[in-house]
Amino acid sequence: MALSQSEIRFIEALKELGGKSDAESLSKKLNEPISSIFPISKLLEEKGHIITKELIKESYELTEEGKNCLINGLPETRIYKMLISSESIDLEYIKKFLNEKEIAAAIGWGKQTGVFEIDKTSKRIILKKKEPPVLDSILKKLSEGESLTSDELNKISELEKRGLIKKKITKSLIIELIKDYIPSYPVIKVLTSDIIKSGKWKEISIPPYDVTASPPVIFIGKKHPYLEFLEEVKEILISMGFEEAKGPYVESEFWNFDILFQAQDHPARTIHDNFQVKGVLPIIDAPEELILNVKNIHENGGSTGSRGWRYNWSREIASRPILRSQTTAVSVRFLYKNKTPPIKMFCLSKVFRPDVIDSKHMVEFCQLEGIIGDYGINIRHLLGILTEFANQLGFKEIKFKPSYFPFTEPSIEAYVRHPKLGWIECLGAGLFRPEVTKPLGIDFPVIAWAFGIDRLAMIKLGIDDIRELHTYNLKKLREWGYEIAKD
Amino acid sequence: MPKISISINDLKKILKMNISNEKIIDVLPRLKCEIEEIIGDRITLEITSDRADFFSSEGIARGIRIYYGNKWKLKDPLPGSIKLFVDSSVESIRPYIVGAVIRNIELDEEAIVQIMQLQEKIHNTYGSNRRKASIGVYDLDKISPPIYYSAFHPNDIKFIPLGYSEVMNGYDILNKTNKGIEYGWIIKDKEKFPLLYDSNNVVLSMPPIINSENTKVTTNTKNLFIDITGTDENTINICLNVIVTSVLERGGDFQYVDVYYKNKLERTPKLEYTTTSLKLSTINNSLGININLNDITYLLNKMGHEVKEIKDNEIIVISPPYRVDILHEIDLVEDIAMAIGLENIKPEVPKIITIGKLLRESKVRRIIRDIMIGMGFQEVITYMLSSKSVMEDKPLLEKREFVELINPVSSEYEVLRDCLLPKLLQFLSYNTHEPYPQKIFEYGDVVYVENGVAKISTHLAAAISDYKVSYEDIQAVVVALFKAISKNISFKPYNKPPFIEGRAAEIILDGKSIGIVGEISPRVLVNFGLEFPVGIFECDINKFIF
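Chains as they are written, first to last, in this note's numbering: chain A, 184 to 670; chain B, 19 to 564.
Please keep in mind that the hints were generated in silico from the structure rather than gathered at the bench. All C-beta atoms in this analysis are idealised placements derived from N, C-alpha and C, irrespective of residue type, glycine included. Any given hint could be a false lead.
[As the list claims (entries may be wrong)] Taking lysine to any residue and the SDA-like style, the derived pairs with C-alpha atoms no more than 20 Å apart in a straight line are: (1) A:K520 <-> B:R378; (2) B:K150 <-> A:R493; (3) A:K582 <-> B:E361; (4) A:K350 <-> A:D319; (5) B:K240 <-> B:E127; (6) A:K461 <-> B:E422; (7) B:K91 <-> B:I336; (8) B:K375 <-> A:R493; (9) B:K473 <-> B:E422; (10) A:K658 <-> B:Y454; (11) A:K225 <-> A:Q188; (12) A:K429 <-> B:S183; (13) A:K311 <-> A:E300; (14) A:K522 <-> A:F627; (15) B:K240 <-> B:N122; (16) B:K369 <-> A:E426; (17) A:K643 <-> A:H601; (18) A:K405 <-> B:V496; (19) A:K643 <-> A:I607; (20) A:K584 <-> B:V367; (21) B:K329 <-> A:S320; (22) A:K417 <-> B:I370; (23) B:K364 <-> A:G256; (24) A:K211 <-> B:P455; (25) A:K354 <-> A:R493; (26) B:K160 <-> B:N218; (27) A:K279 <-> A:G256; (28) B:K21 <-> B:I57; (29) A:K406 <-> B:E379; (30) A:K643 <-> A:D626.
[What the hints assert, rightly or not] Distance windows between CB atoms, simulated: (31) A:N214 <-> B:K514: 51 to 59 Å; (32) A:K522 <-> B:P511: 48 to 56 Å; (33) B:S380 <-> A:W606: 48 to 56 Å.
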């Protein structure tokens with residue numbers, strides 16, 4: 184039977200190792216991971232070229248206690264050393280250096296060998312003969328992998344019984360060549376440049392391989408599927424004429440809430456709904472005029488004709504640094520800098536909210552934010568653009584319901600229809616309130632929406648745990664196959 | 019958004035009109051009452067947090083009745099009033115109180131459930147978890163007015179709290195009752211606690227914590243006393259408007275409470291209508307429709323508003339006292355949109371010509387990713403939030419300032435990463451059972467602190483791990499990458515963790531250090547549980563592109 188290229192290399196290497204080898208040596212010789220040795224040896228064994236045998240090797244290794252003894256000395260050795268200078272020692276004195284278990288082991292050994300013993304009446308340990316303990320040197324040899332004399336080997340069981348060493352069993356695969364492959368003569372293993380240049384190829388035959396055998400696995404460089412989905416979404420928005428924007432992850436509450444007309448005691452502004460941060464100075468990164476306008480809007484509606492929230496607005500609360508909890512903060516920052524219509528902006532980025540982490544909730548996730556601002560823009564345009572965008576994402580049906588967000592009015596939420604999962608709530612939208620646009624210096628209407636894009640990514644990628652979007656599983660990433668869309 | 023539970027039978031009882039279940043189910047979402055679940059007679063609804071008037075079945079019944087063309091009218095008050103005296107001792111603790119009386123009402127068990135639910139939802143929203151406003155409802159016949167609102171030392175407060183059978187003092191109530199444990203934070207630092215009691219010294223409640231057992235409302239209760247205490251006068255007034263108008267939907271009449279402060283007298287409930295001037299152009303411009311004044315009156319009526327006057331193209335709209343969410347004319351525009359029905363507003367794709375464009379950094383990102391893919395690296399993404407030990411201790415990196423969460427939910431996510439290298443080592447540590455070689459990269463944002471300000475930068479990091487990896491293996495990747503973007507780099511020795519001394523370098527471009535490359539020290543590998551060597555590099559894209 185023909186052999187594959189890697190099988191021939193395997194046999195050649197085995198021959199160079201004298202026709203018999205363990206898997207480790209063979210792996211080094213071939214410069215292949217040990218894991219790739221096993222499948223090939225199995226194939227070659229089936230084809231009758233080699234036999235394999237599992238070899239079980241016994242050795243000893245030191246336990247934690249054994250390692251301690253190696254450093255400090257065995258208890259009997261430590262007592263023996265003290266006795267050498269003073270013949271007898273008070274037991275109480277020894278207790279300062281050795282614990283009870285160690286003393287018991289040492290006295291046991293002293294009694295057994297007759298080297299020292301305890302005098303019950305005086306409570307002293309008395310040296311009987313000078314014969315140094317030997318187990319220390321055996322322990323040292325074992326730790327360094329040296330071979331033991333037969334005398335020493337006899338003492339192994341004693342060390343094991345005392346829990347200083349333990350038996351270690353290692354398995355290894357021994358591979359033996361029993362049938363070489365038969366090359367048709369004269370043979371070459373691999374066609375090389377030398378053979379072609381020298382013309383030698385005319386005189387030789389090139390042996391066939393088993394071309395149906397599995398080759399070694401290669402892992403290709405691949406993009407992350409979740410990011411690929413997000414790129415696809417960006418492509419759609421670009422094609423619809425939107426300009427990308429970004430903003431800070433660490434925001435003042437001012438940009439995350441106050442400017443969005445969220446009252447300072449709004450339920451979404453508590454520590455249960457935002458990540459407050461330390462290490463960053465509390466600063467409102469905005470001109471004083473804007474800050475005062477926002478303060479007035481909250482307190483009495485300012486010049487917008489609104490009643491406002493009617494409370495004393497606090498600059499201190501507004502300057503607290505938090506992790507951005509909504510990408511709407513990016514939209515308002517963008518509007519503040521870009522006041523000339525028409526404006527079409529999107530932001531696809533991370534937001535952070537405390538939550539119980541489970542398959543549906545993560546404290547860090549992506550939001551897709553979009554705004555359109557121009558004279559004459561209205562709710563019908565909002566419904567139109569969302570319908571069109573959902574269509575581009577592959578959802579043919581979308582429905583709208585009235586909703587509530589502090590910064591939009593009218594407020595809308597939308598559901599898209601998935602063929603298997605039914606109606607899925609996927610976004611919040613609305614017309615920015617005058618209390619939001621006026622202080623920014625925007626005098627035209629702005630429609631805005633925010634998609635829970637991770638939910639759509641999960642549907643698209645066929646996963647049911649949001650944490651898998653940031654998977655740590657390399658196997659999954661390697662096996663993730665691209666799907667080539669029909670169009 | 020608050021979730022509430024109502025009974026269809028109870029709803030129909032309050033509705034007092036002939037209406038099918040199907041019609042009810044159809045109209046609820048049009049009024050922003052999202053149906054979550056229907057089990058038998060009970061419906062679970064998600065209400066938007068602005069509509070306090072929909073936090074119980076009474077208000078929802080009223081909304082449906084008006085939607086189908088019925089008018090709502092505020093009942094006339096009963097003559098007379100009861101007196102409530104406010105002592106100045108509450109000024110620094112919980113200064114404001116409002117009250118109302120409702121007489122001749124019949125309450126079944128569901129009615130009590132609904133009133134409790136309304137109270138709880140208002141507490142959680144407008145009441146800021148009872149801090150700003152907290153409501154008490156009592157059986158008036160168990161109380162002898164006038165009523166007194168004053169503050170006492172907790173040891174001097176003694177009554178049986180609602181749901182308990184023994185007399186407790188103020189401290190016991192905070193420490194032993196469920197409500198005390200939940201809401202005690204609001205008053206626990208005060209020297210004195212607020213107390214509401216009557217002319218016979220019968221305690222009504224210790225706001226904002228708990229009522230007394232002795233004044234409890236039962237199905238035998240015929241007359242109610244309601245109070246709201248709080249820190250914001252406007253809030254407690256509007257909350258009282260909602261409660262009184264809701265309870266009156268079940269029958270009965272209301273009577274005023276005169277609240278005597280040291281130097282003022284307030285008669286509550288105020289039950290004031292709000293007047294808003296609405297321009298025809300605001301409606302048509304916002305909704306992209308063209309409707310006339312007659313239609314607008316009809317649509318506003320459907321949502322419970324009255325048109326008082328029309329002059330030129332301006333409509334003077336009167337909204338009932340329970341509509342505490344109307345701040346601006348735009349809120350009336352939303353009501354008109356809801357009355358029309360969103361399905362009747364035709365979507366239209368805006369015909370605005372704009373040029374779509376990516377941020378420059380998104381374009382750079384695409385180029386760099388392509389190069390890394392070309393070199394056989396698998397892209398990975400890790401969370402920006404990280405454990406501090408992964409960023410600092412395990413890779414033996416120096417102590418430094420991070421953007422750190424005050425309220426993390428898990429130690430896995432407590433700081434924002436300021437570099438990617440430790441995250442890649444962590445990634446590799448989860449995959450030690452996977453075939454090698456492993457070649458991974460991440461391109462992403464990091465946040466670091468500079469002089470107390472959080473700064474964003476974009477980093478690229480890549481790692482190779484295999485049975486053996488040399489410095490050259492990873493250095494070659496760096497050289498190839500920069501060659502591919504036409505940049506000439508050089509290397510300068512770098513002898514710091516997490517690398518092996520003598521096997522790491524700074525990447526230098528135009529005399530500036532833009533990154534590091536090297537072989538990870540075995541001490542670090544062991545910290546991450548890695549048994550295969552790792553060659554890694556990380557560079558700061560912002561330092562040479564943006």
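Index of numbered hints that the structure contradicts, given in increasing order: 8, 12, 21, 23, 25, 30, 31 and 33
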